[in-house]
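**Student:** Each chain is listed here by its residues.
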Amino acid sequence: MKLFNQTSKRLSTQPLYTNRRRRKLNMGETIGLAWSSLLANKLRSILTMLGIIIGIAAVIAMVTIGRGAQAQTERQLKSLGSNLLFVQSGVALTGSPASQGAGSATTLTWEDAQAIASTCTSVSATAPVLNVRAQVVRSELNTNTFIVGTTPEFVQVRDFLPLTGRFFNQADVEQVARVAVLGQTVVGNLGLTADNAVGQTIRIQGEEFFIIGTMEYKGSSQFRDQDDQVMIPITTIASRIVGVNSLQGISVNNISVSAKSPEEMDAAQFQITNLLRLRHQIVPPRSDDFIVRNQADLVSASNAVSRIFTALLGGSAAISLVVGGIGIMNIMFVSVSERTREIGIRRAIGARSSDILWQFLIESIVLSLSGGVLGIILGVTTSSLINLALGWQIGVALDSILISLSVCLGIGIFFGAYPARKAARLTPIAALRSD
Amino acid sequence: MIQLKEIVKTYRLGEVSVPVLRGIDLIIDRGEYTAIMGASGSGKSTLMNIIGCLERPTSGGYWLNGQDITQLSDDELADIRNYQIGFVFQQFNLLPRLNALENVMLPMVYAGYSKIERQQRAEEVLVQVGLSDRMTNRPSQLSGGQQQRVAIARALVNHPELLLADEPTGALDTKTSHEVMDLITTLNQQGITALIVTHELDIARQTRRIIQLQDGLIQQSDTSFNHDLGTRTK
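As given, the protein sequences belong to chains A and B, one line each in that order.
Going by the numbering used here, the first residue of the first sequence is number 1, and it counts up by one from there.
Going by the numbering used here, the first residue of the second sequence is number 436, and it counts up by one from there.
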């Protein structure tokens with residue numbers, strides 16, 4: 001097509017790179033680039049991350065606390081005694097349509113407990129419990145606590161042993177002895193220690209009681225703080241504290257029953273139900289005036305509650321994460337329009353649109369992951385503080401951290417994709433012309 | 436090296452079509468030193484953008500080094516901009532957050548050079564444009580002339596064959612304008628093909644060929660003050 005003039009030949013030191021093969025952009029450098037651009041707007045980046053930080057912190061705290069609570073529940077239920085069944089008084093029949101709730105009627109008696117122990121073959125022991133809240137006084141100190149009237153089998157059924165001194169025995173029950181065994185919370189509240197409590201006297205509703213023992217630490221359950229109670233013989237509570245005897249004998253609030261083995265729990269429950277129906281002369285259509293519960297029921301009830309809490313917390317955490325993601329998307333759009341000229345310059349000097357896409361996508365991912373890391377730090381700190389406050393020994397689950405990080409990665413990609421695509425689709429010339 | 440045939444560029448503004456280039460035929464050879472002149476609105480920047488592969492013509496043919504540019508994908512155009520063409524803009528277009536050295540290295544990032552290669556080459560080019568003592572300065576710490584030198588260094592860093600400058604002295608005073616033009620002239624003497632868009636005759640006279648553009652057409656291609664080059668327009 002034309003004569004080629006050699007007068008302006010290239011310098012031989014400048015090689016031709018017309019067919020230079022292009023290598024892939026270095027990911028580490030792209031991340032570094034994203035990082036420096038986020039650091040250039042520190043406050044804005046932190047504010048943008050806030051939604052993610054809160055969301056992830058909530059997730060971590062929620063999982064940790066949820067697991068802690070579950071472990072705690074299981075430990076407490078176990079601490080109530082192995083193979084434990086509860087028989088509670090049933091719904092009071094007041095004639096009004098309003099149910100008074102389980103335990104409102106006093107249909108169970110000490111005799112029921114004795115009958116269960118002697119008749120039901122799958123039952124190893126029973127402990128009737130008649131309790132009342134009362135003021136316990138020792139010299140000028142006093143405390144309001146549960147007075148539990150029971151029998152010596154309580155120790156076996158509840159798997160709850162004295163730490164110092166002794167539990168009351170059959171003779172104490174028969175003699176209606178004014179002896180008391182204190183839980184450790186009560187010991188502390190009355191200014192005593194486990195070692196010096198035995199031999200002291202306390203007053204319950206004006207009656208003087210002799211401390212013969214203190215119980216081991218048990219911790220609180222959602223049913224009751226088991227260390228915050230005073231055990232006295234059932235005969236003594238019935239005659240001196242509560243003073244309400246039904247015609248059938250001493251009525252009790254509930255009966256703790258221990259089955260012979262975990263496998264016999266169902267059998268024991270069946271036997272108890274039949275025996276009590278017989279004893280209480282319950283014939284259909286009359287409904288039972290008692291309720292038999294086993295530990296599994298209690299566990300599943302408490303698990304159901306914690307599942308609801310977990311769902312609620314999880315829901316709000318999810319909302320926070322979505323809101324955080326939208327925040328990231330928003331700020332990425334701002335970033336793209338602020339840096340349109342930069343995009344144009346980069347395109348003009350040879351960046352492909354995929355290079356621009358990656359630049360902004362990585363920036364969004366780095367933003368989201370940084371928020372995630374800060375959220376994890378916050379969540380771990382929060383749950384450690386809660387653990388410390390509640391005295392739990394629950395570590396932060398590694399899987400919740402890994403899940404959080406993958407969620408953040410997902411958020412970064414999902415909410416960064418659209419702004420990044422917008423940046424990548426700008427034509428070089430339109431981007432260059434913007435101010 | 437550059438062959439344009441019947442290049443037409445039309446912008447659409449809503450319903451109205453605005454023709455900017457109305458059939459440009461142009462051949463520029465390797466090693467030429469050319470200025471495109473014209474009043475504002477004459478289409479000279481658009482022509483520059485098409486030659487620089489920043490824009491596609493509405494119709495017509497464009498061959499760069501024998502390669503049919505109109506057939507290339509966007510990614511291929513990006514690659515051509517990356518290592519066949521060096522751009523210099525009126526407003527310098529440096530990235531404000533990067534220092535001179537990092538700005539110069541930028542095209543090499545997209546060409547996939549290693550960090551060491553980049554650093555070495557960018558320093559070399561900055562020395563070449565006379566900024567050996569300003570490498571770690573950010574654009575805001577440099578004068579206009581120095582910024583334009585950084586921009587020229589960036590344009591040169593990937594050893595392009597074609598240097599395109601769109602009003603390279605438009606934002607500079609007379610003295611620094613001459614310095615920048617002297618630099619481009621030197622580069623052309625060293626072998627690079629240079630194409631400058633300007634509306635100042637003073638600047639255009641330093642090249643060896645002037646193309647006058649008016650209303651989207653080439654009015655005059657004047658090589659009268661340098662007849663050594665066997666160039667012509669159709």
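These are calculated hints, taken from the structure and not from any lab test.
Ideal Cβ positions, reconstructed from N, Cα and C, are used throughout, including at glycine.
A portion of the hints provided could be inaccurate.
These stretches of chain B come out as covered by chain A in the derived footprint (C-beta under 8 Å, 3 or more residues) [claimed, not checked]:
no., stretch
1, 515-525
2, 540-546
3, 600-613
Listed next, the in silico SDA-like pairs over lysine to any residue satisfying Cα-Cα at most 25 Å (straight line) [to be verified]:
no., chain 1, residue 1, chain 2, residue 2
4, B, Lys440, A, Glu111
5, B, Lys550, A, Ser354
6, B, Lys550, A, Gly32
7, B, Lys550, A, Met27
8, A, Lys42, A, Ile326
9, A, Lys42, B, Lys440
10, A, Lys42, B, Leu533
11, B, Lys550, A, Ser36
**Student:** Now tell me if each hint is right for this structure.
**Tutor:** Cross-check of the supplied hints:
For the stretch 515-525 of chain B, the stated coverage by chain A holds: 6 residues have a C-beta nearer than 8 Å to a C-beta of that chain, and at least 3 were required. Note: the stretch 540-546 of chain B has 5 residues with beta-carbon separation from chain A under 8 Å; the three-residue rule is met and the coverage holds. With a threshold of 8 Å between beta carbons, the proposed coverage of the stretch 600-613 of chain B by chain A is violated, since 0 of its residues qualify and at least three are required. With a C-alpha separation of about 113 Å, the suggested pair Lys440 of chain B and Glu111 of chain A falls outside the 25 Å cut-off, and the hint is violated.
About 21 Å separates the Cα atoms of Lys550 of chain B and Ser354 of chain A, which keeps this hinted pair within 25 Å; it holds. At roughly 13 Å between alpha-carbon atoms, Lys550 of chain B and Gly32 of chain A fall within 25 Å of each other, so this suggested pair holds. Restraint check for Lys550 of chain B and Met27 of chain A: satisfied, since their Cα atoms lie roughly 13 Å apart, inside the 25 Å limit. At most 25 Å may separate the alpha-carbon atoms for a hinted pair to count; Lys42 of chain A and Ile326 of chain A meet this at roughly 19 Å.
Using a Cα cut-off of 25 Å, the hinted pair Lys42 of chain A and Lys440 of chain B is violated, with the two alpha carbons roughly 51 Å apart. Using a Cα cut-off of 25 Å, the hinted pair Lys42 of chain A and Leu533 of chain B holds, with the two alpha carbons roughly 17 Å apart. Taken as a hint, the Lys550 of chain B and Ser36 of chain A pair is honoured in the structure, with Cα atoms around 17 Å apart against an allowance of 25 Å.
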